[in-house]
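> Given the coordinates of chain A, work out where chains B and C should sit on it, guided by the hints.
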Amino acid sequence: MRAVVRVAIAAAVLLAIYGLRLGVEAAFTEYVQRIVLLAGINVILAVGLNLINGTTGQFSIGHAGFMAVGAYGAAYVGVKLAGPLHGTLGSGAVTDAVIFNVALLAGALFAGISGLIVGMPSLRLRGDYLAVVTLGFGEIIRILFNNATFLGSATGYFGDDPSGLPSYTNFFWVFAWVVIIVVAIHNLTFSQTGRSLTAIREDEIAAEAMATPTTRLKVTAFAISAATAGIAGGLFAHMQAGVRPEDFRFEKSIDMIVMIIVGGLGSISGAILGGIFVAVSLELMRDLQQYRLVLYALLLIVIMIVRPQGMLGTRELHHLLRRKKPATPAVPAERA
Amino acid sequence: MTQLLQQIINGLSLGSIYALIALGYTMVYGILKLINFAHGEVFMVGAYTGFYAASALGVAGFEARNQAFPLYLALLVLVIAMAAAAVLGVAIEFFAYRPVRSAPRLTPLITAIGVSLFLQNAGMLLFSPNPQRYPAILSEVRFELFGVIVTNIKLTIFAVALCLMLALHFFVQKSWTGRAMRALSFNIDAAKLMGIDTNRVIRATFAIGSALAAAGGILFGLDQITINPLMGVLTGLKAFVAAVLGGIGSIPGAVVGGLLIGLAEQLTAGYLSPEYRDAITFVILILILLLKPEGLLGIVRVEKV
Amino acid sequence: MRILRRTLISGLCAATLASAIGCKKTGEAGSTGGGTSATEIVIGHYASMTGSTAHFGQDTDRGVRLAIEEANAGGGVLGKKLKLVTLDDRGDSAEAANAVSRLIDVEKASAVLGEVASSLSLAGGRVAQRRKIPMISPTSTNPKVTEVGDYIFRVCFIDPFQGKVMATFARNNLKFDKVAILKDVKNDYSIGLADAFQKAFVAAGGTIVAEQSYSQGDTDFSAQVTAIRGTPAQAVFVPGYYSEVGTIARTADRLGLKVPLLGGDGWDSPDLFKIGGDAINGSYFSDHFAPDAATPKAQAFVANFTKKYGQAPTGLGALGYEAALVLIDAIKRTGKNDPVGIRDAIAATKDFEGITGKITIDAQRNPEKSAVVLKVEGGKAKFEASIAP
Chain A
1 MRAVVRVAIA
11 AAVLLAIYGL
21 RLGVEAAFTE
31 YVQRIVLLAG
41 INVILAVGLN
51 LINGTTGQFS
61 IGHAGFMAVG
71 AYGAAYVGVK
81 LAGPLHGTLG
91 SGAVTDAVIF
101 NVALLAGALF
111 AGISGLIVGM
121 PSLRLRGDYL
131 AVVTLGFGEI
141 IRILFNNATF
151 LGSATGYFGD
161 DPSGLPSYTN
171 FFWVFAWVVI
181 IVVAIHNLTF
191 SQTGRSLTAI
201 REDEIAAEAM
211 ATPTTRLKVT
221 AFAISAATAG
231 IAGGLFAHMQ
241 AGVRPEDFRF
251 EKSIDMIVMI
261 IVGGLGSISG
271 AILGGIFVAV
281 SLELMRDLQQ
291 YRLVLYALLL
301 IVIMIVRPQG
311 MLGTRELHHL
321 LRRKKPATPA
331 VPAERA
Chain B
337 MTQLLQQIIN
347 GLSLGSIYAL
357 IALGYTMVYG
367 ILKLINFAHG
377 EVFMVGAYTG
387 FYAASALGVA
397 GFEARNQAFP
407 LYLALLVLVI
417 AMAAAAVLGV
427 AIEFFAYRPV
437 RSAPRLTPLI
447 TAIGVSLFLQ
457 NAGMLLFSPN
467 PQRYPAILSE
477 VRFELFGVIV
487 TNIKLTIFAV
497 ALCLMLALHF
507 FVQKSWTGRA
517 MRALSFNIDA
527 AKLMGIDTNR
537 VIRATFAIGS
547 ALAAAGGILF
557 GLDQITINPL
567 MGVLTGLKAF
577 VAAVLGGIGS
587 IPGAVVGGLL
597 IGLAEQLTAG
607 YLSPEYRDAI
617 TFVILILILL
627 LKPEGLLGIV
637 RVEKV
Chain C
642 MRILRRTLIS
652 GLCAATLASA
662 IGCKKTGEAG
672 STGGGTSATE
682 IVIGHYASMT
692 GSTAHFGQDT
702 DRGVRLAIEE
712 ANAGGGVLGK
722 KLKLVTLDDR
732 GDSAEAANAV
742 SRLIDVEKAS
752 AVLGEVASSL
762 SLAGGRVAQR
772 RKIPMISPTS
782 TNPKVTEVGD
792 YIFRVCFIDP
802 FQGKVMATFA
812 RNNLKFDKVA
822 ILKDVKNDYS
832 IGLADAFQKA
842 FVAAGGTIVA
852 EQSYSQGDTD
862 FSAQVTAIRG
872 TPAQAVFVPG
882 YYSEVGTIAR
892 TADRLGLKVP
902 LLGGDGWDSP
912 DLFKIGGDAI
922 NGSYFSDHFA
932 PDAATPKAQA
942 FVANFTKKYG
952 QAPTGLGALG
962 YEAALVLIDA
972 IKRTGKNDPV
982 GIRDAIAATK
992 DFEGITGKIT
1002 IDAQRNPEKS
1012 AVVLKVEGGK
1022 AKFEASIAP
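Protein chains in written order, with the working numbering: chain A, 1 to 336; chain B, 337 to 641; chain C, 642 to 1030.
Calculated directly from the structure, the hints in this document are not laboratory data. A couple of the hints might just be wrong.
As the list claims (entries may be wrong) - Pairs of lysine to any residue, SDA-like flavour, derived with a Cα cap of 20 Å:
| no. | chain 1 | residue 1 | chain 2 | residue 2 |
| --- | --- | --- | --- | --- |
| 1 | C | Lys-915 | B | Tyr-388 |
| 2 | C | Lys-915 | B | Gly-397 |
| 3 | B | Lys-369 | A | Asp-203 |
With the rest of the complex left out, here is chain A (with noise of 0.2 Å):
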């Protein structure tokens, strides 16, 4: 019974996605219709470096490389893929959803084994160096794409259509997924697995000694949070004429860790609110063009002196909306 009753709830909650897309696409001019999508995007990376960052505490500052790695691979899988697949189930929609997302699970797929990869020699490493460690791993994946000419190198990786990638992104895939992957990192982060990850967080130490397996659960939320940096890059990609790596730039990291403390490290909400901030904010600040960049830099180090756990810390809104005072470290409710 549970079940139906879930899955009836997931179909409702698409169908209204699919209504605000329709919505979004009236009532809001192209321009105001990206910054939506980057939004949601932006959401995603949060979310998912959150997991990493925020919840188990390990510092990554690299994340960029992985949103290539699942940009790139959705990219390539996607114009590969759609050849034979127009071939046998035809063209139209159902179709291009079909290519679409089995492009973007490819591109997860790619950037979580990147994850692993990285992940695993890395994690046993603590703080500064680790940070300095995944900022390198970082480095090396853009100058490999940097230096793939099958990928276009430089240039980028436009598919074989002169007009570029096919634009599969709209308000509702974005959406869809963002839904899915913040009800996901959600039951993960209020799970036992969870609260193993948050205890790593707190005295790794300790966690260790209560014999929780803290490297390979580190390595898992490190892959974990890959993957969804991978699918938020094939998002992306399919919203550009193509994908270069200097779009994946360090500066693409820093934007992402700026998301996750401007919201609160380790906590979920927060990084949603961090995501929106983060697509909003530059574009607000366009009226000050050059000066654009060296406010953002100040913002950051003013936040940390001023309030360096971002709006929420590690508490999420309902807990604040419940009126309780929630024990420190976040202690999670039960959900009903």
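What follows is chains B and C alone, placed relative to chain A:
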């Protein structure tokens, strides 16, 4: 054979500059356990200060008349740049790092990244993003030995780097502040209990490290011919890797690490492919952290619970 | 109490964001691009004004801005003033698409100029093509850019042509048969030009004796130069930008590599001589116009640019100016502020007298124009040869 020798000479001179910058990273990390991401930008500011100081002292006039810039003026440029960088380093410490000194490790890390980004973009605004030709504070003279071409600038880099490193070594071993720095890097709380004014020592550490980076910046400009506001990003990161390679917290380690990274970079660029010259630094970082995390000359620290 | 305060703060933030988005939305709902203002025609320009390639974007923008100001000083176009809106894309392709999107939806541009980098032109071009707003790229040389659609044009050479120019010159004029290539792998302009040169040079009977590379932003070229020094190369083809070429020349001179360097229009900048000094003398590069054999219009441009900005223009600035001129001319010929009409007028451009010679836009929306080969002598570029398509 001459090609190999040439690449080695080039690698060592680049490496000496990395060593000068790495010293700043290693000293700060040894005491505060903080990666001063902004150190690369201090290097950049030092180079630009040298640029503007030399212009103010009329280097263009000497160049036009084909005369050598007087040595005493060149030294003055160096001193001005080192002083300016020292001031900048202390200011960064005071405004950005001190407020978060007691925060969990990640907060100062992000603050450091923020300061680095701020200085890069401020540099783009103030100094213009165009690469600038470095003035001939030293006129270039070429020698050829066994088919290998060496310029007097490369010799100067070796000489200046060596002098500064020796000076630092004596300072840290013999002087009061130097010994205080070593004390703080062992145990900052015990040092406080011993009555050492930790803030003063930390300020001195930042000042010295920044001054060395500025010297590196001027030498870099002379050797690499152009400077630009983003020059500190990659160079700073490579110098940090050099400090880790040699053993973070160890001053001789920073020197060894710097030279090794410089060599590795040049040899990779010459024999493998120039496209991987930056990647090799990261590969070295990953290898050293996996195989010998305390670095080549570092001491193993056991973490007690 | 704390919880209440936090909730209020979070709510305020959310409300601020929502109202900010809302403010952007009112007045734009369902509108299309295209000028509807009675008093001005909006021209958009998207470029990398910040980021690691900021100097290229800013160079180009200076040229565009000068052209617009001169047109306005001369009474505007079709009785209306031109309004230039320049948006920064931070060197990022998502931002490039955003910028074009914003220029069309918010700024109501009738046409856009941009971008310098071919990959960014591809990103922004797709948006412009879909929204049927004409776009002229001043400097993107990758052939794919104009293949995006019939609304995308350019005013610069495409790589295959320019590569062939230097290859032909090296073979026929300088009589070289062994050349090394040193290309910038972070830059699709450089890669494309190097490929084109290689094909043409080999087809003409020459051999490429070495292929080395660097990345834009590098300052140390001693490894590459040392490697080339050990080959029998008679010249080195360096199809990069002035910022690195000057340093490469000095490094080559310093390390005893005495052969001439060959290059493309990316060399064109006063900084080339400032940085390269004596080391760059005796080298050749292809370009759009020769400063010592320039038309009066070109000379006037250089003089006005220098007066306004205090520095001589680079090739990017010249092409930015050129793209703006072509656009302004097309608007005049259309007779009204209509993007579709403007597009047709651009496509019909024939023998337009710009500052870089006569331009005719061909069926592939690329310009047909001659290239000149310049020789660097005494710190200046001098006319050496002219090569027609």
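> Are the hints correct? Go through all of them and say.
For each hint, the structure was consulted:
Our distance criterion of 20 Å between C-alpha atoms is met by C/Lys-915 and B/Tyr-388, whose separation comes to about 16 Å. Our distance criterion of 20 Å between C-alpha atoms is met by C/Lys-915 and B/Gly-397, whose separation comes to about 15 Å. Between B/Lys-369 and A/Asp-203 the alpha-carbon distance is near 19 Å, which keeps this suggested pair within the 20 Å criterion.
In summary, this structure violates none of the numbered hints.
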